[in-house]
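J.: In order, the protein sequences belong to chains E and Y.
According to our numbering, the first sequence is numbered sequentially starting from 1.
According to our numbering, the second sequence is numbered sequentially starting from 1001.
Some hints could be false.
Residues from chain E that keep clear of chain Y, each with C-beta distances beyond 12 angstroms, as calculated [what the hints assert, rightly or not]:
{"#": "1", "residue": "SER5"}
{"#": "2", "residue": "LEU7"}
{"#": "3", "residue": "SER11"}
{"#": "4", "residue": "LYS12"}
{"#": "5", "residue": "PRO16"}
{"#": "6", "residue": "PHE17"}
{"#": "7", "residue": "MET19"}
{"#": "8", "residue": "PHE54"}
{"#": "9", "residue": "ARG69"}
{"#": "10", "residue": "VAL76"}
{"#": "11", "residue": "PHE88"}
{"#": "12", "residue": "PHE112"}
{"#": "13", "residue": "LEU113"}
{"#": "14", "residue": "VAL122"}
Which residues of chain Y face chain E? A partial, calculated answer using Cβ under 8 angstroms [to be verified]:
{"#": "15", "residue": "GLY1050"}
{"#": "16", "residue": "THR1053"}
{"#": "17", "residue": "THR1063"}
{"#": "18", "residue": "THR1084"}
{"#": "19", "residue": "LEU1088"}
{"#": "20", "residue": "TYR1134"}
{"#": "21", "residue": "TYR1137"}
{"#": "22", "residue": "THR1139"}
Selected chain E positions facing chain Y (in silico; Cβ < 7 angstroms) [what the hints assert, rightly or not]:
{"#": "23", "residue": "LEU78"}
{"#": "24", "residue": "TYR79"}
{"#": "25", "residue": "GLY90"}
{"#": "26", "residue": "ASN92"}
{"#": "27", "residue": "LEU94"}
{"#": "28", "residue": "ALA101"}
{"#": "29", "residue": "GLN107"}
{"#": "30", "residue": "VAL132"}
What the hints contain is simulated information worked out from the structure, not anything from laboratory work.
Virtual Cβ for every residue (Gly too), placed ideally from N, Cα, C.
Each chain is listed here by its residues.
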Amino acid sequence: MNNHSILRVVSKFMIPFIMLFALYVQFHGDFGPGGGFQAGVIFAAAFILYGLIFGIENARKVLPASATRIALACGVILYAGVGVAGMFLGGNYLDYNVLAATATGGQHLGIFLVEFGVGTTVAATMVTIFFVFAGQDF
Amino acid sequence: MAMTAFAIIRLRNLFAVVMLSGIFSLLAASLYVLLTAVDVAFTEASVGAGISTLLMLATLAITSEYEKKSERSTLLPKIIVTVTGAVLIYGTLDMPLYGAADAPSNLHLIPRFILQSGTEIGVPNIVTSVLASYRGYDTLGETVVIFTAAIGVLVLLGRGRNRWRPGMRKPVVPEEREEEV
């Protein structure tokens, strides 16, 4: 799809807004509909769109395989790590109350970090699956 | 939605089937909006209509666009599907009406979540607080499932993809391209 100039221009224009919307969904999930899962999918969609229009090779230059693999693991580690941090601070596993001075503050922080972990893993997963599928150029 | 489902069964062109399943997901998402489950609708629209359609298209690109005609008899599957569908519909007859205040699901945990989560969690979106805090273990499990899916795809397709396997279209020249995936 390298030669469709309309697609190239429009997607170049759209991709920043898709990413911005993903970040909005990620960090506004406490207040409106959305959260890590949806945000991760939308964020991955930006990279997948780039890969579709400009080719997988170019998309891999932006987001190398090592980066997605590290992000893949980091999301789960962040989620599980929040739980372990709660244990070290004297609560149960995945108990966010102890993370900050007040219980609701701890909950806010915990939910924020956990959702961020979910978003990272989901985005990396979607990008990985698509690139691996689309990279099968046989 | 029923019409889309029938069209999906009848069509042999898999490209059209993928597109129709995307439309089906989008209709399901609108249904969830009507049921005021916006978070679920959001997920359905982005995952069901967006990403899974895309992944299906990517799969079609490496397989065939047309479904092979099956030679086997379809009578037994038809009977099984009809009986299962009838049992499921029979099961819905006992369900309480949508939004009924005395429904069991509205009596136990939901009032507690609605009344307490404002002071306990302090997050305005109750869905988020249930998902990430009250049901933190479940969400952790879901995240691990997604992680496992990616690992599975990487193991199956990402590593030894330069080796020839039965079912591939043609042997691929071995190259040192492992790190690209």
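J.: The structure should be examined with respect to each hint, and the outcome stated for every one.
T.: Going through the hints against the structure:
With a minimum CB-CB distance of about 22 angstroms to chain Y, E/SER5 clears the 12 angstroms threshold, and the non-interface call stands. Even its closest Cβ contact with chain Y, about 15 angstroms, leaves E/LEU7 beyond 12 angstroms, as expected for a residue assigned away from the interface. No Cβ of chain Y approaches the Cβ of E/SER11 within 12 angstroms, the least distance being about 14 angstroms, so the stated non-interface status holds. With a minimum CB-CB distance of about 19 angstroms to chain Y, E/LYS12 clears the 12 angstroms threshold, and the non-interface call stands.
The claim that E/PRO16 lies off the interface holds: its Cβ sits roughly 18 angstroms from the closest Cβ of chain Y, which is beyond the 12 angstroms cut-off. Against chain Y, the non-interface label of E/PHE17 holds: every CB pair exceeds 12 angstroms, the least being about 15 angstroms. Taking the minimum C-beta to C-beta distance to chain Y, about 14 angstroms, the non-interface status of E/MET19 holds against the 12 angstroms cut. Every CB of chain Y is more than 12 angstroms from the CB of E/PHE54 (nearest about 16 angstroms), matching its label as outside the interface.
Here E/ARG69 does not stay apart from chain Y, with its beta-carbon only about 8 angstroms from theirs, under the 12 angstroms limit. At the 12 angstroms boundary, the C-beta of E/VAL76 falls inside the reach of chain Y, the nearest C-beta of that chain being 5 angstroms off. In this structure E/PHE88 is separated from chain Y by more than 12 angstroms, as the shortest Cβ-Cβ distance comes to about 16 angstroms. Its beta-carbon lying about 9 angstroms from the closest one in chain Y, E/PHE112 breaks the requirement of being farther than 12 angstroms from that chain.
Its beta-carbon lying about 9 angstroms from the closest one in chain Y, E/LEU113 breaks the requirement of being farther than 12 angstroms from that chain. Chain Y draws E/VAL122 into its interface by the beta-carbon criterion, the shortest separation being 6 angstroms against a cut-off of 12 angstroms. For Y/GLY1050, the interface hint holds, the least distance from its beta-carbon to any beta-carbon of chain E being 6 angstroms, beneath 8 angstroms. For Y/THR1053, the suggested interface contact is broken, since its CB lies about 11 angstroms from the closest CB of chain E, more than 8 angstroms.
About 10 angstroms separates the beta-carbon of Y/THR1063 from the nearest beta-carbon of chain E, more than 8 angstroms, and the hint is not met. With its C-beta approaching chain E no nearer than about 29 angstroms, Y/THR1084 sits outside the 8 angstroms limit, and its interface hint is violated. Evaluation of the Y/LEU1088 hint against chain E yields a violated restraint, the C-beta minimum of about 27 angstroms exceeding 8 angstroms. Given the 8 angstroms rule on beta carbons, the hint for Y/TYR1134 is violated: about 10 angstroms separates it from the nearest Cβ of chain E.
Contact between Y/TYR1137 and chain E, as hinted, is supported at the beta carbon level, the nearest pair being about 6 angstroms apart and thus within 8 angstroms. Contact between Y/THR1139 and chain E, as hinted, is supported at the beta carbon level, the nearest pair being about 7 angstroms apart and thus within 8 angstroms. Interface restraint check: E/LEU78 against chain Y, minimum CB-CB distance 10 angstroms, threshold 7 angstroms, status violated. Hint status for E/TYR79: holds, given a least beta-carbon distance of 6 angstroms to chain Y, under 7 angstroms.
The interface hint given for E/GLY90 is broken, as the beta carbon of that residue sits about 17 angstroms from the closest beta carbon of chain Y, more than 7 angstroms. Contact between E/ASN92 and chain Y, as hinted, is not supported at the beta carbon level, the nearest pair being about 10 angstroms apart and thus beyond 7 angstroms. With a least beta-carbon distance of about 4 angstroms to chain Y, the hint placing E/LEU94 at the interface is held under the 7 angstroms criterion. This hint is violated: E/ALA101 has a C-beta 13 angstroms from the nearest C-beta of chain Y, more than the 7 angstroms allowed.
The criterion of a C-beta within 7 angstroms of any C-beta in chain Y is met by E/GLN107, whose closest approach is roughly 5 angstroms, and the hint holds. For E/VAL132, the suggested interface contact is upheld, since its CB lies about 5 angstroms from the closest CB of chain Y, less than 7 angstroms.
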